[in-house]
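Asker: The chain contents come next:
Number of protein chains: 2
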Amino acid sequence: MVTTRQVRLAQRPTGLPDDDTWEVTTDELPAPGEGEFLVEIDHISLDPAMRGWLDDVPSYLPPVRLGAVMRAQGTGTVSQSRHPDFPVGAAVTGTFGVTERAVSDGTGVRVIDTSIAGPATWLGALGMTGLTAFHGLHEVGELAAGDTVVISAAAGGVGSVAGQIAHAAGATVIGIAGGPEKCAWLREIGFDAAIDYKSENVLRRLREVAPDGIDIYFDNVGGEILDAALANLRRGARVILCGAIASYNATTPPPGPRRYMSLLVNRARMQGFLVFDYPEKDAAAIASLAAMAAEGSLVSRETVVDGSVADFGATFLRLFRGENTGKLVMCIAEIY
Amino acid sequence: MVTTRQVRLAQRPTGLPDDDTWEVTTDELPAPGEGEFLVEIDHISLDPAMRGWLDDVPSYLPPVRLGAVMRAQGTGTVSQSRHPDFPVGAAVTGTFGVTERAVSDGTGVRVIDTSIAGPATWLGALGMTGLTAFHGLHEVGELAAGDTVVISAAAGGVGSVAGQIAHAAGATVIGIAGGPEKCAWLREIGFDAAIDYKSENVLRRLREVAPDGIDIYFDNVGGEILDAALANLRRGARVILCGAIASYNATTPPPGPRRYMSLLVNRARMQGFLVFDYPEKDAAAIASLAAMAAEGSLVSRETVVDGSVADFGATFLRLFRGENTGKLVMCIAEIY
Chain V
1 MVTTRQVRLA QRPTGLPDDD TWEVTTDELP APGEGEFLVE IDHISLDPAM
51 RGWLDDVPSY LPPVRLGAVM RAQGTGTVSQ SRHPDFPVGA AVTGTFGVTE
101 RAVSDGTGVR VIDTSIAGPA TWLGALGMTG LTAFHGLHEV GELAAGDTVV
151 ISAAAGGVGS VAGQIAHAAG ATVIGIAGGP EKCAWLREIG FDAAIDYKSE
201 NVLRRLREVA PDGIDIYFDN VGGEILDAAL ANLRRGARVI LCGAIASYNA
251 TTPPPGPRRY MSLLVNRARM QGFLVFDYPE KDAAAIASLA AMAAEGSLVS
301 RETVVDGSVA DFGATFLRLF RGENTGKLVM CIAEIY
Chain P
1 MVTTRQVRLA QRPTGLPDDD TWEVTTDELP APGEGEFLVE IDHISLDPAM
51 RGWLDDVPSY LPPVRLGAVM RAQGTGTVSQ SRHPDFPVGA AVTGTFGVTE
101 RAVSDGTGVR VIDTSIAGPA TWLGALGMTG LTAFHGLHEV GELAAGDTVV
151 ISAAAGGVGS VAGQIAHAAG ATVIGIAGGP EKCAWLREIG FDAAIDYKSE
201 NVLRRLREVA PDGIDIYFDN VGGEILDAAL ANLRRGARVI LCGAIASYNA
251 TTPPPGPRRY MSLLVNRARM QGFLVFDYPE KDAAAIASLA AMAAEGSLVS
301 RETVVDGSVA DFGATFLRLF RGENTGKLVM CIAEIY
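Sequence lines, in order, name chains V and P. All letters in the first sequence, in the order written, are residues 1 to 336 by my numbering. All letters in the second sequence, in the order written, are residues 1 to 336 by my numbering.
Chain V extracted, bound-state conformation (with noise of 0.2 Å):
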C-alpha cells in the first residue's frame, strides 16, 4: 500500500475557482494489478481548458465529476510495474490527475525520452500543448507558405509552439501578447512583429503590420481581439477557434464577434477543434517538433512552480493573470 495526497473539487466555482473549489485528501493506492503499474508523479500541467472541465454543462470531455480527483496531464516515473509496456524507471506521460502517485493501465500513457526535453517540456512543446498548436496550424488552418499569420495569446503555452511552428513553415507571423517584455520575447523567437494589446490599439496595428491581411487567425482569446483579427481578414481566411480564456470564467455569456460578417465578404471560415480529433496524427506532430525541437528551432519556454499539490489552486489562479509566459507547470517532486 502506497499513500497518495490528491486534489479533488469539492465545490463547482462561479467563475474563478477559490479555496472552496478544491479539497486536498491523502488516500491509499492499491498496489498495481496484471496490466497495471505505479507511476510517481513529478510534474503536473496546468491548462485553461481545466476551468471549462469544472462546470456540470455538455462539453468535449465531461466535467469531472463532484469528490473526483482533478483532472490532469502529468509525467512521472514507473515505481512498479505487472505491465510489459511500462517497466519501472521508465519516464511516462499521461492523463494521471493532480496528485502525487497515480495506479495505471497505460490508456493514453506514453512512454518519454527525457534526453531529448525534460518533463515540463513533455507537458508543453512536445505535449498538449504542441499538439494543439499543431494540428491547429495544420488541420484546421492550412497553414502554407507565405501566409501571414496571427496569433493571440502569443507568449503562451500554444501562442508561442503556433508562432514556431508557422515561421518555421514560411510564414509571416505576428503574435499579440500582453506587455513589451512578453512582446520582446516573441521577437526572440522568431515572430515577425508582436503587438502590446495592453498598450497599443490592436485594429489598427493589425491594419499596419499586415497591410495585405491575413490569411490565418489563431484564436486564443476571443473578445475584442478576435473581432480586431475579423476586421483585418483576407480573401479566404481561416480563423482558428483555439480557446477563449477571456470569458472561460464569465458568469454571463461575452458578447459575439460583432465583426463576423468579415467571414461572409472575404470568404472565409472560423472553425472550432480539439487536440483529441487527430489521434492518427499525433506521433506525427510530435516527431515534427521533437526534430525542430532538435535543431533549436522550437523554443520552449515553461514556468515551473515548485510546490506540492497542494499548491494546485493557487497555481491554476496565474493562468487567468496573464502572469505566466510559455506553458505553466508545476514541479511536485524532484528527480533530476
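For the record, the hints were derived by calculation from the structure and aren't laboratory data. Be a bit skeptical, because a hint or two may be false.
Copies of the same chain are indistinguishable here, so a pair counts whether it falls within one copy or spans any two.
Heads up, simulated SDA-like pairs for lysine to any residue below, C-alpha to C-alpha not over 20 Å straight-line [to be verified]:
1) K281 - T77
2) K198 - G296
3) K198 - G15
4) K198 - R321
5) K198 - R101
6) K281 - R267
7) K281 - M292
8) K281 - T26
9) K281 - G236
10) K281 - T107
11) K198 - T4
12) K198 - A184
13) K198 - G106
14) K198 - A231
15) K198 - R110
Position chain P relative to chain V; hints supplied.
Answerer: Chain P alone, transformed into the frame defined by chain V:
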C-alpha cells in the same frame, strides 16, 4: 437613338432607403457599336444584397457610385444587335441595371430558354438565387444524404430553393420562416418541418425537430436565429453565411453571435461565400436546377410586381418588411 428611363443613386441612405435615395432620369442611349447589342428589359431582380451596394464601404463588389444607374440583374430581349452570339429576338439575362433599355457587349450576359421557365424564374431559381443556394449547400456546406439541414428565411428566394435542393439530395430539411402561411408553403414544397419564428421559440423547436443536432445551417438572417442554430449544432457542422438581412439597414453593428463558441465544442465551422466564387461550376449548377424544374421537384415561387422603373424604390422596401414569398421581381414590360 433610343431613350431609357433609369434609376440612379442620388444619395447614400442611412438605414432604410427612402425617396431621397433615388433619382429617376430619362437618358438617351447610343446605338450599339460593333460587338454590342441593345436589350429591351422586361424583368428586374430585387435582392437584399443590393442594400449593401449602397454603402460606401469596401465589400465584395464596389459600391454603386453616386449618380450611377443602380446595379441590378434583369432579363430582356435583344432588339438591335451587332454581336453574333446575341441575335435580335434572343432572350437574355445579365446585370443591366434598373433601366428600361441597355446597351451591352455581352459581358456577364447569358441567353436563356424561356420555354423552360419564364423570365422571373431565370432571375430566381435558375439564376443568381438558385446558384447561391446551390453553391452554398454544395461548396460550403458539403451537403450529403442524411444530413439535417436548417434554413432561415426559408420562404425567401434563396431559402426555398436551398430547401428543395437539400430535400432532393436526401437530407432532412427544416425551414424557419415568419407566419403560418409561409410555413405551410414550406411543407408543401418538401420541407420536413417548418418553424414559425414569429410565434415559436426557435431554439426550443430546433431541439425538438432536430434532436440529434444540425449538420448544415444555411443562414440568411443572422441575429437570434443564428444563435439558436449555433446552440443546436452537431459535431462537424457547417454554418453557411449567406447574408444577414436583419442587419443590412442597421446603423450600428448588430451583436455578434453569442453562441459562436459552439463551433469549438462541436468542431464546427462557419464560412462565408459569394455566388460569384464558383463561375466554373455555374453551368453545371444551372443544368442541375433546370433538370429539377423540368421534373417538378423545384417549385419556384416569385412575387412579380408590375410597374415602371420609377417604382423601384418603393418595391425594394418590400424585401425588408418580410412581405414577399419567394423571389421578388419587378415586371416593367409585358412581353407575353
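Asker: Which of the listed hints are broken here?
Answerer: 1, 2, 3, 5, 8, 11, 13 and 15
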